Amino acid sequence: MFEKYFIKNNVIRALLFLSAIVIVFIVSIGRNGNSYYFEEGKPWVYGLLTAPYNFPVYKGENELKEEREALMAGYRPYFDMDESIKSAVLSQLDSDYQSVLKSHWSASTYNYVRKSLLSAYNEGIVTKIALDSINSLNVNVVYICRNEIAEEELVPSLKTQRMVYSSILDNSPNEEVKKELTKVGFADYVKPNLSFNNRRSNESFNDLMNSIPTSKGMVQAKEKVIDRGEIVTPEIYDILKSFQIEETERNDAKKVPFFYSLSNIFLIMMGYSFLYLYLYFFRRELFYNFSCLTFITAIVTIFVLIMKIVVKFDLFSVYIIPFAIIPILMSTFFDTRTAFFSFLICILICSFSAIDNSFRFLLVQISVGIVSILGLKNINKRSQLLKNILLVFCTYIFAYTTSTIILGGEVRGITWTEVSCFVVNGMLVTSSYFLFSVAEKFLGYVSDVTLMELSNIDNPIFHEFAEKCPGSFEHSLRVSNLASSISEAIGGNTILTRTGALYHDIGKLSAPSYFTENQRSGFNPHNGLEFDESAHIIISHVTSGLEIAEKIGLPDAIKGFIRTHHGKGKAWYFYNSYKNKYPDQSIDEAKFTYPRPNPYSKETAIVMMADCVEAASRSLKEYTEENFKNLVEGLFCKMMSEKLLNDAPITFKEIEIIKGLFVEKLKIAYHTRVTYPTLQLRDTDKINKGIASKVES
Numbered sequence: 009m010f011e012k013y014f015i016k017n018n019v020i021r022a023l024l025f026l027s028a029i030v031i032v033f034i035v036s037i038g039r040n041g042n043s044y045y046f047e048e049g050k051p052w053v054y055g056l057l058t059a060p061y062n063f064p065v066y067k068g069e070n071e072l073k074e075e076r077e078a079l080m081a082g083y084r085p086y087f088d089m090d091e092s093i094k095s096a097v098l099s100q101l102d103s104d105y106q107s108v109l110k111s112h113w114s115a116s117t118y119n120y121v122r123k124s125l126l127s128a129y130n131e132g133i134v135t136k137i138a139l140d141s142i143n144s145l146n147v148n149v150v151y152i153c154r155n156e157i158a159e160e161e162l163v164p165s166l167k168t169q170r171m172v173y174s175s176i177l178d179n180s181p182n183e184e185v186k187k188e189l190t191k192v193g194f195a196d197y198v199k200p201n202l203s204f205n206n207r208r209s210n211e212s213f214n215d216l217m218n219s220i221p222t223s224k225g226m227v228q229a230k231e232k233v234i235d236r237g238e239i240v241t242p243e244i245y246d247i248l249k250s251f252q253i254e255e256t257e258r259n260d261a262k263k264v265p266f267f268y269s270l271s272n273i274f275l276i277m278m279g280y281s282f283l284y285l286y287l288y289f290f291r292r293e294l295f296y297n298f299s300c301l302t303f304i305t306a307i308v309t310i311f312v313l314i315m316k317i318v319v320k321f322d323l324f325s326v327y328i329i330p331f332a333i334i335p336i337l338m339s340t341f342f343d344t345r346t347a348f349f350s351f352l353i354c355i356l357i358c359s360f361s362a363i364d365n366s367f368r369f370l371l372v373q374i375s376v377g378i379v380s381i382l383g384l385k386n387i388n389k390r391s392q393l394l395k396n397i398l399l400v401f402c403t404y405i406f407a408y409t410t411s412t413i414i415l416g417g418e419v420r421g422i423t424w425t426e427v428s429c430f431v432v433n434g435m436l437v438t439s440s441y442f443l444f445s446v447a448e449k450f451l452g453y454v455s456d457v458t459l460m461e462l463s464n465i466d467n468p469i470f471h472e473f474a475e476k477c478p479g480s481f482e483h484s485l486r487v488s489n490l491a492s493s494i495s496e497a498i499g500g501n502t503i504l505t506r507t508g509a510l511y512h513d514i515g516k517l518s519a520p521s522y523f524t525e526n527q528r529s530g531f532n533p534h535n536g537l538e539f540d541e542s543a544h545i546i547i548s549h550v551t552s553g554l555e556i557a558e559k560i561g562l563p564d565a566i567k568g569f570i571r572t573h574h575g576k577g578k579a580w581y582f583y584n585s586y587k588n589k590y591p592d593q594s595i596d597e598a599k600f601t602y603p604r605p606n607p608y609s610k611e612t613a614i615v616m617m618a619d620c621v622e623a624a625s626r627s628l629k630e631y632t633e634e635n636f637k638n639l640v641e642g643l644f645c646k647m648m649s650e651k652l653l654n655d656a657p658i659t660f661k662e663i664e665i666i667k668g669l670f671v672e673k674l675k676i677a678y679h680t681r682v683t684y685p686t687l688q689l690r691d692t693d694k695i696n697k698g699i700a701s702k703v704e705s
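For my numbering, count along the sequence shown from 1 and bump the result up by 8.
Quick caveat, the hints were computed from the structure, so don't treat them as lab data.
Just so you know, these numbers come straight off a predicted model, no measurement behind them.
Careful: at least some of the hints might be erroneous.
To be verified - Restraint-style ranges between C-beta atoms, simulated for each label pair:
1. 476 - 450: 28 to 38 Å
2. 540 - 450: 36 to 46 Å
3. 596 - 533: 40 to 50 Å
4. 98 - 190: 19 to 29 Å
5. 278 - 496: 14 to 24 Å
To be verified - Pairs of lysine-lysine, BS3-like flavour, derived with a Cα cap of 27 Å:
6. 67 - 230
7. 567 - 675
8. 637 - 599
9. 199 - 186
10. 50 - 476
11. 50 - 136
12. 191 - 110
13. 578 - 637
14. 167 - 123
15. 67 - 320
16. 320 - 249
17. 567 - 599
18. 476 - 578
19. 576 - 637
20. 230 - 249
21. 73 - 224
22. 667 - 637
23. 587 - 559
24. 629 - 646
25. 110 - 136
26. 661 - 576
27. 232 - 186
28. 567 - 667
29. 232 - 50
30. 167 - 191
31. 232 - 123
32. 589 - 629
33. 67 - 232
34. 629 - 599
Idealized CB from N, CA, C, for every residue including glycine.
Start from the sequences and build out the full structure, keeping to the hints where you can.
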């Protein structure tokens, strides 16, 4: 059975390992072998580059744009004239004049309008939209096709319907004609008869654009292009860009070489192998925890994929990718060593595809990773994350500038474009704060940020706790202070210990008055109960605490403190009282025993110890160092005899340290203060006081 389970889990891990490699490799397919990065006006940082084959020097976009704009002056759009519109409109005008308009227009007005419309239709009438489009192209001449014969026409001579109407009205031969036209208009007889010929215009435009040569020279095979240290002049920049274009076209036209693909998958496999070997040999608890292994693999793979996609499609600068999220998340949930190793593997895999100089990429990213880990060991305040983001931003600028000086051999300021990349990067790093909750649900862990929020005394649950169970709440605060001090001394998780201690007795909310620390009136409800019934009520505060924890959504890590703070111990007061009252009866020990597991971690063990010591210290009659030592020693002997600490990873040396610390903390908590002396009155003061009292009486 165990062997099958072991084999099954190893198969799942192997599939996870291979899946990550295959996904990254698939996204990497099609990467160019040429990954030179250069800037105009900067030194060439690579070795001698010679042309491996003949290739043309392509013109730049600005140069082509200027030539296109110059040629646009020769562009001639085509318009077709529809003669049928002229005939139809004039026929309609003649008919309307005979039937309707004759009573409104004189013969001279009619003849003037007809002659003007005939002239306008012969010249051509266009729509306003068409004329605006022509003007936007800065075209001076168009072709007008009349009966398949194209004739040039100046654009300024083209008229729209409104222009024709206004022209006829304004050029009226006399005021009488104008008055008649104003009274009865002729707008219905002015229609566009020129339509844009899309096919012939596009052919003309394409022929014109195709006449522009895209290249301006040729580089011969074996010809030197540039050598290390030489400045990338505008001419050399065009040659290098042309070489990149040619390389891309050649790689797209043929399959990726077999050995290139083999090398690529080998490098990816090597990176993931190092990561898994590290986890197996040095963090075996993470390797055998499938959720943790999946989380680490997924984080590394996601950032590698983002890098590959950004480079492959040239989306934006690789320095916008927030790689600092990896060490921030990893160090929060695991440890700094695992965080840095995972981050390093991710950066190494990504550096294989960096179009920028790989040395600069590695230097900048590794510097940022180190600063992220050193500046943010534990995130227990939002301000820490903001400070760390500022450190990341400054490190980016410093490392990038330094690497630029090393590679270029010159001192120059960082550009605003580069600064903007780092600003966006810092803004994206802030998203790590919101990723904590996602990671917590996936891993079942709890971050310091969540613990800080849970330990806030202003939480509603603590207000209710303090109101209904004031004594228990005060006890929890004291246990929290004791436990956090102990945890810090022996290397435990202090903030987890403090938070767990605050919630460990939350179950007492279900029956506050049954616990002596909350009995303010002097009435004890246990007086009317049998000892086993009282024990059941006391023991049930653990179960009630878990129910409340589930209701308010506490994480499992905090529930563990509620579940284990009594371990498998007994309710000794009621157990001993029962045995004393019924010495001859057999006792059902299960009724007096907490049915919960013993502490399983340093933190849960510390809270159990602090709970016992703080509660027992309240029963001392004299607060002396000797009494404190005897109390602590007796409690620890009892815990050891009951084997309550057997499951906790705590050593005898640590137990001795804890004992000493408990004694010191109890001495501080129950220290005595000096008695303030009363003021001794002099004889004259006494006489005066006596006289004053007699006068008053």
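Handout entry: List of violated hint numbers, smallest to largest
Key = Of the numbered hints given earlier, those the structure breaks are 3, 5, 7, 8, 10, 11, 23, 25, 27, 31 and 34, listed in rising order.
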